[in-house]
Structure formats: structure tokens, C-alpha cells
Amino acid sequence: MTRRTVARALVYLSLVLATLVVFLPLAVVFLTSLKTSGEMADDSGALTLPDDPLNFSNYVTAFQDGRMLSAFGNTAIILVFAIGGTILIGSMTAYAIDRFRFRFRKLVLALFLVAALVPGVTTQVATFQIVNSVGMFDSLWAPIALYMGTDIVSIYIFLQFVRSIPVSLDESARLDGANAFTVYRKIIFPLLKPAIATVVIVKGINVYNDFYIPFLYMPSEDLGVISTSLFRFKGPFGAHWETISAGAILVIAPTLVVFLLLQRFIYNGFTRGATK
Amino acid sequence: MAHPTRRWRGVTPWLFLLAPLVLLITFTYAPIVNMVAYSFTDWDGVSPGLHYTGAENYAELFTRSELFEVFFVSGYYLAASVVQIAAALYFATVLSFNVRFRNFFKGVLFFPYLINGVAIGFVFLYFFQDGGTLDAILGLVGYDGDRAWLGTPISANVSLAGVSVWRYMGLNFVLFLGAIQSIPGELYEAAEIDGANRWQQFRHIIAPGIRPVLSLSVILSVSGSLSVFEIPYIMTGGATGTETFVIQTVKLAFQFNKTGLASAAAVVLLLIILAVTWVQRRLVPDDKVDLV
Numbered sequence: 001m002t003r004r005t006v007a008r009a010l011v012y013l014s015l016v017l018a019t020l021v022v023f024l025p026l027a028v029v030f031l032t033s034l035k036t037s038g039e040m041a042d043d044s045g046a047l048t049l050p051d052d053p054l055n056f057s058n059y060v061t062a063f064q065d066g067r068m069l070s071a072f073g074n075t076a077i078i079l080v081f082a083i084g085g086t087i088l089i090g091s092m093t094a095y096a097i098d099r100f101r102f103r104f105r106k107l108v109l110a111l112f113l114v115a116a117l118v119p120g121v122t123t124q125v126a127t128f129q130i131v132n133s134v135g136m137f138d139s140l141w142a143p144i145a146l147y148m149g150t151d152i153v154s155i156y157i158f159l160q161f162v163r164s165i166p167v168s169l170d171e172s173a174r175l176d177g178a179n180a181f182t183v184y185r186k187i188i189f190p191l192l193k194p195a196i197a198t199v200v201i202v203k204g205i206n207v208y209n210d211f212y213i214p215f216l217y218m219p220s221e222d223l224g225v226i227s228t229s230l231f232r233f234k235g236p237f238g239a240h241w242e243t244i245s246a247g248a249i250l251v252i253a254p255t256l257v258v259f260l261l262l263q264r265f266i267y268n269g270f271t272r273g274a275t276k
Numbered sequence: 277m278a279h280p281t282r283r284w285r286g287v288t289p290w291l292f293l294l295a296p297l298v299l300l301i302t303f304t305y306a307p308i309v310n311m312v313a314y315s316f317t318d319w320d321g322v323s324p325g326l327h328y329t330g331a332e333n334y335a336e337l338f339t340r341s342e343l344f345e346v347f348f349v350s351g352y353y354l355a356a357s358v359v360q361i362a363a364a365l366y367f368a369t370v371l372s373f374n375v376r377f378r379n380f381f382k383g384v385l386f387f388p389y390l391i392n393g394v395a396i397g398f399v400f401l402y403f404f405q406d407g408g409t410l411d412a413i414l415g416l417v418g419y420d421g422d423r424a425w426l427g428t429p430i431s432a433n434v435s436l437a438g439v440s441v442w443r444y445m446g447l448n449f450v451l452f453l454g455a456i457q458s459i460p461g462e463l464y465e466a467a468e469i470d471g472a473n474r475w476q477q478f479r480h481i482i483a484p485g486i487r488p489v490l491s492l493s494v495i496l497s498v499s500g501s502l503s504v505f506e507i508p509y510i511m512t513g514g515a516t517g518t519e520t521f522v523i524q525t526v527k528l529a530f531q532f533n534k535t536g537l538a539s540a541a542a543v544v545l546l547l548i549i550l551a552v553t554w555v556q557r558r559l560v561p562d563d564k565v566d567l568v
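Chains A and B are the protein sequences, given in the same order. FYI, the numbering for the first sequence is 1 to 276, going by this note's numbering. FYI, the numbering for the second sequence is 277 to 568, going by this note's numbering.
None of these hints come from the bench; they were simulated from the model. Hints are not guaranteed to be accurate.
[Stated by the list, open to error] With a Cα cut of at most 30 angstroms, we get these calculated DSS-like pairs of lysine-lysine:
1. K382(B) <-> K193(A)
2. K234(A) <-> K527(B)
3. K106(A) <-> K234(A)
4. K193(A) <-> K106(A)
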């Protein structure tokens with residue numbers, strides 16, 4: 001009995017420790033974001049509380065001088081187009097591959113399957129030349145096209161869902177005179193809602209967090225997304241940790257809100273996205 | 277009359293596949309083909325003609341030790357991913373049993389995975405700073421004295437690999453937890469009746485149940501360790517011996533205009549990752565691949 005109690009206590013201890021490990025680095029940055037540059041200079045230590053817990057002036061600086069507003073705007077545009085495109089591409093591919101028998105079907109499927117094995121980081125040296133030659137370099141179209149054109153995982157997810165929709169639904173619509181496009185639009189697409197929700201969440205978080213692609217393809221300051229704009233804090237705010245901290249918190253806060261609101265969908269989405 | 281409709285039948289799937297295939301070929305296959313072609317040239321990324329140089333780039337890659345040394349940095353991340361998987365397994369097992377505040381702990385452990393990489397980089401730059409979070413915490417426990425955690429290669433790489441564990445452990449954890457929870461509850465009850473303790477339950481019920489997800493996590497860790505970019509690039513820019521293979525490739529291609537050499541490096545990395553995936557598929561046959 002006592003052994004069980006000790007074991008239980010140790011389990012809780014490990015969980016509390018893990019919670020501290022996750023929270024402390026974030027909490028300290030949050031505290032720092034509320035301090036003034038004077039407080040930062042007097043070397044009172046990282047763990048001290050800010051004098052004025054409602055001092056949001058660093059956030060104002062981050063928003064204005066750090067151009068975070070236009071960064072959120074650019075990220076939002078990319079999110080809308082990339083996610084919309086991914087849903088269309090993924091559902092169309094899945095519909096064509098699952099519902100039609102045609103020549104080279106296996107080859108097409110193999111092309112998509114093999115592409116999933118190629119990690120995007122490795123091919124950017126050459127992808128860059130292609131993006132450049134079609135004139136998309138340094139425009140919002142580069143990340144949009146890359147996000148929607150290279151997402152094989154979403155195609156997998158849609159493929160699995162389309163297969164679970166009974167073919168008899170298509171057939172009865174066909175008998176009523178519907179053509180392939182009507183079947184896709186009126187029958188398949190509306191039934192894909194759970195898959196769409198998964199793709200929106202997983203894709204949304206990945207695009208919001210991505211640094212590599214916007215960093216390579218959109219060097220202009222006007223085209224900063226949240227990752228690249230935050231990264232640029234490193235230069236002008238060099239030693240101003242209170243401003244950098246405010247920028248970091250600005251970027252993390254929306255993620256936290258979305259996570260708290262959509263927890264269950266997020267767990268399911270990432271489990272489904274990673275295992276397939 | 278039947279003829280034209282049948283011909284249309286044959287065309288319809290291609291209408292749906294047109295855009296996806298164009299994107300797939302333009303942004304996945306064309307780059308691979310080009311990359312292999314560039315890797316045999318000394319192209320700088322701008323000049324109009326390609327100058328064929330044979331396997332020179334590959335020879336340079338394997339003989340200039342400083343180009344190859346970056347692979348040793350992957351070792352730190354590989355070691356870290358062992359820690360990461362072990363911790364994820366532990367927490368997933370613990371939280372699959374009845375624990376108070378289970379959802380809270382689950383959320384806390386998973387949340388870092390969702391955070392923006394640049395924000396994580398800054399959070400931990402401050403964490404490891406002279407007089408930053410870590411020094412302040414150590415000061416509380418009595419270890420005084422500032423340390424430059426990112427100042428020497430070993431310390432810097434260990435610190436960065438630690439950040440990587442902090443960031444990615446949550447995904448492994450949630451995958452393991454999902455796999456454990458899909459094991460039917462009666463199995464535990466039966467085991468409990470037979471007098472099995474927690475460790476025996478883990479060994480004989482949980483471990484076999486999570487084998488597929490475990491093997492997936494291992495493969496993701498290996499290819500992840502080889503292609504680390506964000507954390508070291510954001511935090512140190514590859515200074516003090518923290519340069520990884522991908523950072524080096526990006527620098528070769530986009531700072532030093534050595535597109536040919538960078539392509540050869542990328543081809544090598546791609547081949548290694550494909551080989552690792554192939555080995556994993558052979559060792560752990562995945563019976564769920566039935567998409568055809």
C-alpha cells in the first residue's frame with residue numbers, strides 16, 4: 001500500500017516538474033515583456049516581477065516598429081489562400097483517384113506516395129530556381145503555391161475519407177443525371193467536412209509557424225509574415241529583451257487561444273496527420 | 277452515340293488531376309531532377325550556362341572535412357531524440373492511467389509543439405542568456421555564477437538539442453497516448469485480475485500496442501535530426517560549432533552562390549533520409565499501407 005502511495009507521489013512530482021519546465025521559460029518571457037528598459041538595465045534578475053504589471057508599452061513598440069500588424073496581415077492572406085488551395089487540390093485528387101478507373105492511375109498514385117517521402121528542406125536549393133523562373137520570388141504567391149502544391153499528407157487524409165463515402169451515393173446521383181463535377185461538388189465535398197476540419201487545423205498551425213519558406217522566398221520587409229518579422233527583431237532591438245519578449249508573446253498568444261478553444265480537434269488532427 | 281461519352285469518361289479524372297499534378301511535378305519532381313543535374317556542375321545559380329564537372333562536388337563534399345563535420349552535430353539531436361522518445365513514452369503511460377488533472381497535464385506537455393519556432397528560439401535565447409532564466413533559477417538553488425551556455429560548442433549543442441526536446445516531445449507524447457488509449461480497456465482489467473503490476477502491464481499490453489507509432493517516431497526523429505534547421509539558425513546562426521547540414525547547405529546555396537556544391541550536399545542528405553526510411557520499412561513492415 002505504501003509503495004503504491006510513494007509511486008503515485010513520484011508520478012505527480014514528475015508531472016509538476018514537467019509543467020514547470022514547460023511554463024517557466026514562457027512565463028519569464030511574459031514577465032520580461034511587461035518590464036521597462038530601465039528595469040531591464042538595473043540587473044534585478046530574470047525572475048523578478050515587473051513594477052507595473054499593466055505596462056503594455058513594449059507591445060505597442062513591437063506592433064509599430066516591429067511591423068507586426070502587416071506581418072499578421074500577410075500571414076492571414078497566405079493562410080486563406082494556402083488552406084483553400086490545399087482543400088481543393090486534396091479533395092479533387094482524392095476524388096479522381098478513388099472514384100475513377102483510368103490508365104496510369106497506379107502511376108499517378110505512386111507519384112503522390114513517393115513524393116511524401118521527400119523532405120521539403122532537402123530540395124529547396126533547386127525549388128528556389130523554379131520559383132524564381134516563374135516570377136514568384138519575393139511575392140506572397142511563392143509560399144502560397146509551395147504550401148498548396150507540396151502537401152501530400154492532406155491528400156492522404158482526403159483519400160481515406162473519400163473511400164469511406166459509399167459509392168452508392170454517387171451512383172444514385174448519376175442516375176438522376178448528375179455529372180462528375182456535380183457529384184464532386186454536391187455529394188463528395190459536403191461529406192468531407194471532418195477531413196476539411198483536420199486539414200484546416202493542421203495546415204493552419206503549420207503555415208502560421210513556418211519560417212523556412214517565407215525566409216527563403218520573401219526577403220522584402222513589406223512581405224514579412226509573423227515568423228520572419230519576429231526574426232527581424234534580432235537586429236534593431238538587439239539588446240532590448242523587453243521588446244523582443246513582447247513580440248514573442250504576441251506571436252504565441254493566438255496559438256494559445258486557438259489551442260484552448262479547439263483542443264480536441266487539434267489532438268485528433270495531429271495524430272491523423274502524422275500517422276498517415 | 278456511346279463513343280463520345282466514353283471518351284469523356286476517360287478525360288474526366290484528368291480534369292480533376294490537372295492542377296494537382298502540375299503542382300506536384302513543378303514543386304516536387306522537377307526540383308529533384310534539376311538538383312541532381314546541378315550537383316554535377318559548378319553552377320553559381322545565376323550564370324546562363326551549365327558547366328559539367330562530373331563528380332567533383334561529391335568528391336569535395338567527402339574530402340573537405342569541414343563540410344562533412346556538420347553531420348556530427350546531428351549526433352547531439354539524435355541523442356536528444358532518444359531522451360525525447362523515452363520521456364514521451366513515460367508521460368504517455370503515466371497519463372493513460374487515472375491521474376488527476378489529466379487533461380491539464382496533457383495540454384501542457386503538448387502545447388510547446390504548437391508554438392512558432394522563431395518565438396521558441398527567442399524564448400530560449402533569453403533562457404540561456406548571461407543572467408537569463410536558467411542562471412536565475414540556478415541562483416535560487418544556490419549555484420551562483422553566470423555561464424555562457426551557448427559559448428562553447430559542446431555546451432551550445434547540448435542546449436540547442438535540449439530546446440529541440442522541449443519543442444517536439446509533445447507530438448511523440450500525444451501519438452503514444454492515442455495509441456495506448458486505443459488499446460481495449462478489458463485487457464488491463466484482465467491483467468489486473470491476474471495480478472499483473474504496472475510494469476508488467478506496460479511490457480505485455482502497452483508496448484506491443486504502440487509498436488507502429490514507436491517505429492514512426494523513430495524514423496521521424498532520425499530524419500529530423502539530420503535536417504535540423506530552425507532552432508540553431510534562429511538562436512546561433514550556426515556559430516560556435518552549431519552549424520547543421522541544412523544550415524550549411526542554405527549558406528552554400530544562397531550566401532556563397534555555390535548552387536552546384538549545395539545541390540550535391542542536398543542529394544546526399546536526400547539519399548540518406550530515403551535509405552533510413554527504407555531500412556525502417558523493412559524492419560517494421562507497416563500493414564496499414566493499403567491505399568492502392
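Tested hints:
At roughly 26 angstroms between alpha-carbon atoms, K382(B) and K193(A) fall within 30 angstroms of each other, so this suggested pair holds. Between K234(A) and K527(B) the CA atoms are separated by roughly 19 angstroms; this keeps the pair inside 30 angstroms, and the hint holds. A C-alpha spacing of about 49 angstroms is found between K106(A) and K234(A), which places the hinted pair above 30 angstroms, so the restraint is violated. Restraint check: the Cα-Cα separation between K193(A) and K106(A) comes to about 27 angstroms, which is no more than 30 angstroms; the hinted pair holds.
Violated hint: 3 only; the structure is consistent with all others.
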